[in-house]
Each structure stands twice: as structure tokens, then as C-alpha cells.
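**Student:** In case you want the letters, here they are:
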Amino acid sequence: MLPIPVTVLTGYLGAGKTTLLNRILTQEHGKRYAVIVNEFGEVGIDNELVAHSDEEIFEMNNGCICCTVRGDLIRMVGGLIRRKGHLDGVIIETTGLADPAPVIQTFFLDQETKERTALDAVVAVVDARHFQGQLERSAEAREQVIFADAVILNKCDLVDEAGLEEARARIRELNPSVEIIPATRCDVPLEKVMGRRSFDLLRLLDIEPELLDEGAHEHSHGHVQSVSLVSDKAVDFERFKKWIGEFLNAQGQNVYRCKGILHLPGERQRLVFQGVHMLMEMGFGMPWKEGEPRSSKAVFIGRGLDSLALQIAFRDCLVTS
Amino acid sequence: MTAARELGSGILEWSLGAFPERAAFSADSAEMAFALGDGRIAVMGVEGQDARFFAPHEGGSCMSLAAHPKGGWLSGGDDGRLVYTSPEGECTMVHEVPGHWLEVMAASQDGGTLAVAAGRTVLVFDLSLGSMTEYGPHQGNVSGLAFSPAGGILAATHVGGVSLWDLDEPSEPIFLELRGLNLAPAFSPDGNFLACGHQENAIHVVDLASRKVFQLGGLPAKPGQLAWSLDGRYLMHTGTRAVVCWPVPDCFNQHPEPVAFAVQEEARMTALAANTRIPFAAAGFGDGTVLLAELKRFTAFPLGLDPGFPVSCLCWSGAGLHLACGMEDGRAALLDLGKMLSEG
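Residue numbers (this note's numbering), protein chains in the order written: chain A, 7 to 327; chain B, -11 to 332.
Note that these hints are calculated values from the structure, not bench results. Note that the structure is predicted; figures quoted are calculated from it, not measured. Heads up, some of the hints might be wrong.
Away from chain B, derived, C-beta distances all over 12 Å, residues of chain A [what the hints assert, rightly or not]:
no., residue
1, Phe253
2, Lys295
3, Gly308
Which residues of chain B face chain A? A partial, calculated answer using Cβ under 10 Å [to be verified]:
no., residue
4, Leu(-5)
5, Glu9
6, Asp26
7, Glu84
8, Ala209
9, Glu316
C-beta: ideal position from N, C-alpha, C; glycine also.
Modelling step: build the complete structure from the supplied sequences, incorporating the hints.
**Tutor:** Below you can see the structure in the form of C-alpha cells.
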């Protein structure tokens, strides 16, 4: 059986999540989505399954604070899996003040959840007018954008062209690889939100091939920064695996997201990796096309990242001959 | 109505058309029932009668199921309803907790007491008196329930620990602190030990008299279901690629050595049920294998079921002679142990 796609919908208070959700649920698309919300009764959603949830963040026995997950979420997603065949997808709406990391981590951490669901995308709704202010006040507003695969830049009608550019620049600083979709009252086509299959990064690169520019560069805003590593050389997989494992073990708490595509010697397919904090997943992605220039790219988003050390370590993983 | 198909000696199979979430046998062990992901329950006689379908949770999902001691079934759904379905199939709502999933349920060994979790509280129904008592609220949503063998204690697992309620004195529970999200409590047959699984791939065994705790971490997957061997000497759990028996109370010594047998290279255990009459346990795996494990000689043999889809639930009849199996693709199977053994 195919895994059920899961979309995580995030965004700061008042950004327009509910508007977006209602759009998704009321459009004539012939699909059945289940919705999980943190705050029961926050919005009235007709004819839909809304599961009640108390916030549950817990520490693992080893006390690793970044490995918190939501037990409730696992329980609820597990419950929805039983409706397989009757459901086209699951939407998880996080509260406006939530850090989406534990939600995303759930899909890495819990084996059953991981096997039966496919994290489709993390979509963040951003209020074009108030984003700047929210960033200054709230770490969560930042994290929501950092973890997103797509940002719906909402309320574009309320700002002028300069304001819009400003908001775009802020988003790019936090997450250079994110797709930004401008919107007014969240009037975005459904396919921009659901069924994106963008969590695996490949589609994103198709949409915005320039997002990982040649050469390493670094953005920073507050404590959050991103480091991009690019090379047209192939990567020695054993060396890379060893390095990234050690790096995440030591620094994982500072790495909000990492993702990348590697060119392995003699390998027809791209190797795709993505991680959240200390957790990381690797797998083969789409094959390289005939005659397509092959390259290896990686992005790290986090705080306190040593850009130079990352570049050196990455270079050491490249096949030199 | 769906007819049974004979798969082999003493094994019947039905197609139910929906995810079987839980299995239960009727109080007289003459019928088995499955809670289905589409809100129905399926009821079949152990003689191989056609499956009959009832819809106590129409439009929702049926998530928990138990036999009523006087006949019929009690089920909880994600519609927040606890429903009684009579042997004739008439559905009556017993209780409703809007907005909560009634997923976690436990019945006392005699079936006379039923506990259902609704968020942070637990509702306990005395089925002979028809009364209900609320226990809680707990620290977090209740993730597992179990009655002690004698029926006097109810264990409720949640984030941060286990609450033990004395049902005769429902004032304050005894709280056992166990960090992490606790799941699947299981009392040893003599009631001296309580074991529980953890979301964080660990199990704990608590010696209830001394409060000593045996902690086992780093398991390959979440031990979501636990079971004790009939003699109480071994604890088993799901999530492993074999049948693994942890010795109790030997585990409280330095280096407990578990007995592992019937290794499955390709799949991990997804469902587990120990027989309460004979030293047998049934173990279901992610590839559809159901093993009958013999806990005296530590051998196992597979039932002749079609593989392919994970085993979602297993349940032995109270008389210990029948095993109900549910598969994620909507199949249900029944093993008649007596028939199988007599016919070889």
C-alpha cells in the first residue's frame, strides 16, 4: 500500500492558515483530506475530521531536547492510517506559535509513522505586512520559514512593491531554497499546497534551479544562517556518510535543516539526503538525465554554523581523481 | 455478508474490506469480532459462519473493541462515541465524549469492567451495575490501559509515567515516574510486575512490591504491544525481528539473557498475543507472517496464511482454543487450534 501523503501547514498567528485550510477543504477537488489541528475549536471546519490534541512534547530518555516529538501526533496519524483507501491525504495544522520541528521529526523518528506516511511538504503562510515585526518578536516565526518547503506570502495586497521585496528578502535570508508563492487571501492553486512532493527537494530544484548558486555562500539573520555547498565533482559516499554522521552527532542541535543532492561516482541516480537536527535520511532520487551536468549540492540551515569548516569538510568528501 | 475460505487445516479466512484494528472474542468464545477502520465491526462465528457487518461508528473509524459479558460488543470510535452493539446488531450509544478518539480500551479479565481513555481522563464502566466513574485527569493523554489480573488495579500509561488506580479507592493514583511516552501496560499473570513499552524504543519492567525498575533501551523499533508468557517468566514485545523473551525477574540482575527464536530476516513484529491457557503466543509480522510460538521449547511454526500485508491485530479466545488475526489489507483469519492439532 502506498504511504499517505502528509502536509504540514504552519505560519504565525494571523498569517492566514485558517483561510488557506478552508480553501483547501472547500474547493471542488474530489479529494478527502483529514485535518489534525492543535487547537480544537479554533476554527469551524465543516464535514471534516478534526482530531483533538493536547500539546505533548516529551524528552527522550537520553534527555536530548532536540529529539522531542509529539506522541499525540503519532497516535493520530496512526489512527488515520486505518482509513487508508478512504483518505487522499492528511493535513497537520500547527498552532501559530508552534515550532514545527517536533512535528517534522515525528515523521523521521517513529518507524511506523515513517513507513506508512510520506511527508509531502511543509508549507508556511507568511503575512507580508507583519512578517518583519514578527521575526523580531518570535523565534517561532523564523523557524516556521526555516523548515518550510514552500512559503505562501499572503496579504500581498496590503503592501507595496518595496514591502513585498523586503518580505521576500527576509524569507530568502532564512531559507534560500524555499519556493515563495505570492497570494492575497491565500488564493493559491491547490497543487501549490497539496501533493507537492517537495519535501524531497528535487521538485524544488526543478522549479528554482538557481537556488543553490555556484560556490558556497552564507546568509545570516539573527542567529539563523544557511550555508550552501556546491561542487561539480562526485562525492565519495563512505567518506561523506562518516563525516555527516559525526557532524550531526556533534552539532545536530544547531542544524535546523540540512538537505542535498549528491553525485556518486558511477551512480545513475541522484543520492538525496535530508535531515532535521540529528536525524537524517538518505535515499536514491531521480536518475540523472542523459548529458545532464552532474553536481553535488548541500544546504545547511542552522545557527552557529562554521561555514569554512563545512566547506573544508565537504571538499574532503569529494572524489579527487 | 462474506463467506469464509478454508486455507488449511483449522484455518479460515474472510475478506472484510477495511483495516481490522482490533479483534475480540465474545464472552462465550463462540464468536469473534473485528473493529474496522471504516467504522464498522465484523462478527463471525468460530464455526466459520459468514461475516456479518454492523456500523456502530458510521462515517468514522472504529478504534477499540471488547465483548460485553452478557453478549454483544462495546466499541469506541474516533467519533467520540462508545457504542453497544447487541448480538442482533442493534447499535446503542452508551456514552459520548465529543472531540476525543476512544481508541484506548481495556476490559477486566471477567469482562465485567471496561475502561476507555478519552484524552487525559479514563472512563471506567461497571457493566453489571451500569455505572461510570471518571479517573484523572492524567499528566497527558492516556496512551494505554490495563487491568491487573485480579481486576482491582487499573494502570494508565501517559507521558512521564504510569498511574495505578485502586478501583476501590479512586481518590489518588499511585504514580510511577518513567520518563518518555509510556505505552502498552501489561501486568504479569501473578500481578507482581508491570511492564510497559515506550515510544522511544524501550521497555520498562516494574517490580510492584519493591518498585525496582528494569529498563531496556535501544530496541530496534517501538514496542507497541507487550505480552507475558503464561507462567509469567517471560516478557515479549513487538518491534523485534524474532520472538524475544525477556526473563523476569532475572532481568533485574546484571545481564539478563533473553531467549530469541524464530528470526524473521525481512520483517519486524507488528502484533502479539499470548494465550492465557497454554504456553503459546501468537506473533504477527510486517510481511504477513503469523507464528505460533511455543514458549516451553521456544519453537515456532507459521500459520499457512497468504503473506504480503502487515498483521494488524491478534487475539486469543478466552477458552484459549481460537486465534483471531487481522491483516492490514482487510483480511481476517481464524485458527482453530484444536482442529489444527488433531488434524496435524
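**Student:** Which hint numbers doesn't this structure obey?
**Tutor:** 4 and 7
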